[in-house]
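*Asks:* Listed below are the residues making up each chain.
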Amino acid sequence: MSDLKTMSPGAEAPGRVVSAPVPDDGLARSRLGWLTLSPAFLWWGVFLATPLGLILVSSFFRRGPFGGVVYEFTLDNYTRAIDPLYLRVLWYSVRMALLTTAICLLVGYPAAYFIATRTSARMRNALLVLVILPFWTNFLIRTYAWIVLLNREGVINRTLQAAGLTDAPLPLLYNDFAIVLGLVYGYLPLMILPLYAALERLNPEIRESAEDLGSRPLRILRTITVPLIVPGIVAGCVFVFVPSLGNFPVPQLLGGGRRIMMGNLINQQFLDARDWPFGSTLALMLMLILMLLLVVQSRVLRRGREIGIDV
Amino acid sequence: MSESRAGTAGWLKVHMGLLFGFLYLPLVVLVVLSFNDARRSVVSWQGFSTRWYGEVFDDPQILRALGTTFVIAALATLLSVVLGTLLALGLERHTRSSVLDGAVYFPILVPDIVTGIALLSFYSLIHFTLGTGSIVIAHSVWGIAFAAAIIRTRLRGFDRSIEEASLDLGVKEIPTFLRITLPVIMPGIVSAALVVFTLSVDEFVIAYFTAGQTVTFPIQIYSMIRFGITPEINAVATLLLAFSMLLIVAALYLNRPRPDGMPELAGGRT
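Chains as they are written, first to last, in this note's numbering: chain A, -7 to 303; chain B, -9 to 260.
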């Protein structure tokens, strides 16, 4: 990556003939820079930053009688958000998201390792495409597929009973198992890709020399590979944990709406209870968790760079 | 050494087999069942039939939702690709700010439910009518980020000396951009357009909050799924899966080589 950066246009790559100073006095440059960068950032300023600021503001106000916000300062939404009733939902969501992340890491690591180290270039691209492809399809349909498989009359129960392995249908759907399964299914590619990217950059000679010196595979994994790909691991964990925490279709469809996660709670507050200020407060909690994770991630990246891992 | 290495390789291959089974079998089951000639949700095979596809194309609600979704996706794609191309050019050539670099990924990282409710609150505050326009804007928020990320990978491999030659020969900046730069980065732009279009067609959560009374295709699917399993949903699902996969494969193909390009494209949709 570092050599890619220095090769990037703008930096003068050694050996390249740089033609006579193109009409590129500082002024023209900065004007072009402004013209190219500002439309997108203005757009985001209006349609992302302002709305996010608005939910911060409305978290300090009261709900309107029919939805909306009444501009009367209050801290009620915050005291309510730390009520054990809601903290339990948060804790449950965090547990489910953590479990999802852990499973994705355990399942995703060997896959990323295989793709990065045991395949030819052609094969590697094919496998990566196969890993991402389901991720780019409709999330609801991927979730629905599991309803078809897991329900009482579903494919798995029918098969098990037909094979005489079970007498009665197993309760596979509408429980925590189904929710975690749905989340893992939805977000696994987001774990595999950053792990792959980190492993692919790793110099295989380090591992090989450890192997030649007689280190066991697990020891190599623990003492060499994992410490060197920590940034990839952290990125994968953030990519899986954050959307799992705020997901609402999966707990709704695969959990049967019995256990609710943060996403369902926010959805309820906005569309059913019509308590937008409280819903905003809950959404801010998600944002706060995201920000904390991003800070951790940038720390890890910086530390990685200090000890010479460049990602 | 080679023995343990071979042993590990065997286990890894089994693992890969199981992984792809896990990723694809559920989808294969859907596709197979969409051709099942069975009256209700039934899983047992009753013979091959394409009648459910016929029913899908006879269902005015589904067709209307599909039309709405295509209009939204086309507009969101146009907006995202124009702003995303400019942004990619700016980031790649006119700034080295790592803050701006990082900021570009922020719209993708914000959980979709948060983007959805934040925009809903904002639209309601400024009395913006919910419908096609509000969803187009909502989708462009992350669409721009995806488009810029993909187009940047193309710009990174760009040999600027051809632009400089054109400028040296006295061609002005804008014609140079239109005749030199744009054609070279066009595969990246088309690839970005395909990706954003697919994402917009598939996107549910943000549309759900910002749609008002408008019914997009995923919103239609959500309400169908909540009523239970039907062979019709299987057919709809199969069509949508085929559509998304086709477009994404085309996008990946257009934007191929570059070993570091893959993770960029796969950036992360939350």
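Hints listed in this document are in silico derivations from the structure and should not be mistaken for laboratory results. There's no promise every hint is true.
[To be verified] Derived SDA-like pairs (lysine to any residue); straight-line CA-CA distance at most 20 Å:
(1) B:Lys3 to A:Trp26
(2) B:Lys162 to A:Trp26
(3) B:Lys3 to A:Leu98
(4) B:Lys162 to A:Leu27
[Said to hold, decoys possible] Pair by pair, the computed Cβ-Cβ distance ranges are:
(5) B:Tyr243 to A:Val38: 29 to 37 Å
(6) B:Val89 to A:Asn195: 29 to 37 Å
(7) B:Leu90 to A:Gly249: 37 to 45 Å
(8) B:Ser213 to A:Asp159: 32 to 40 Å
[Claimed, not checked] Far from chain B, some chain A residues (derived; all Cβ distances over 12 Å):
(9) Tyr78
(10) Arg87
(11) Leu91
(12) Ile107
(13) Pro126
(14) Arg134
(15) Glu145
(16) Ala155
(17) Ala160
(18) Asp168
(19) Ile198
(20) Ile216
(21) Val218
(22) Val222
(23) Arg295
Beta carbons: idealized from backbone N, C-alpha and C, even for Gly.
*Asks:* State for each hint whether it applies.
*Replies:* Hints, verified against the model:
| no. | hint | result |
| --- | --- | --- |
| 1 | B:Lys3 to A:Trp26 | 51 Å, violated |
| 2 | B:Lys162 to A:Trp26 | 19 Å, holds |
| 3 | B:Lys3 to A:Leu98 | 15 Å, holds |
| 4 | B:Lys162 to A:Leu27 | 17 Å, holds |
| 5 | B:Tyr243 to A:Val38: 29 to 37 Å | 35 Å, holds |
| 6 | B:Val89 to A:Asn195: 29 to 37 Å | 31 Å, holds |
| 7 | B:Leu90 to A:Gly249: 37 to 45 Å | 41 Å, holds |
| 8 | B:Ser213 to A:Asp159: 32 to 40 Å | 35 Å, holds |
| 9 | Tyr78 | 16 Å, holds |
| 10 | Arg87 | 17 Å, holds |
| 11 | Leu91 | 17 Å, holds |
| 12 | Ile107 | 8 Å, violated |
| 13 | Pro126 | 5 Å, violated |
| 14 | Arg134 | 7 Å, violated |
| 15 | Glu145 | 6 Å, violated |
| 16 | Ala155 | 14 Å, holds |
| 17 | Ala160 | 16 Å, holds |
| 18 | Asp168 | 19 Å, holds |
| 19 | Ile198 | 15 Å, holds |
| 20 | Ile216 | 15 Å, holds |
| 21 | Val218 | 16 Å, holds |
| 22 | Val222 | 16 Å, holds |
| 23 | Arg295 | 16 Å, holds |
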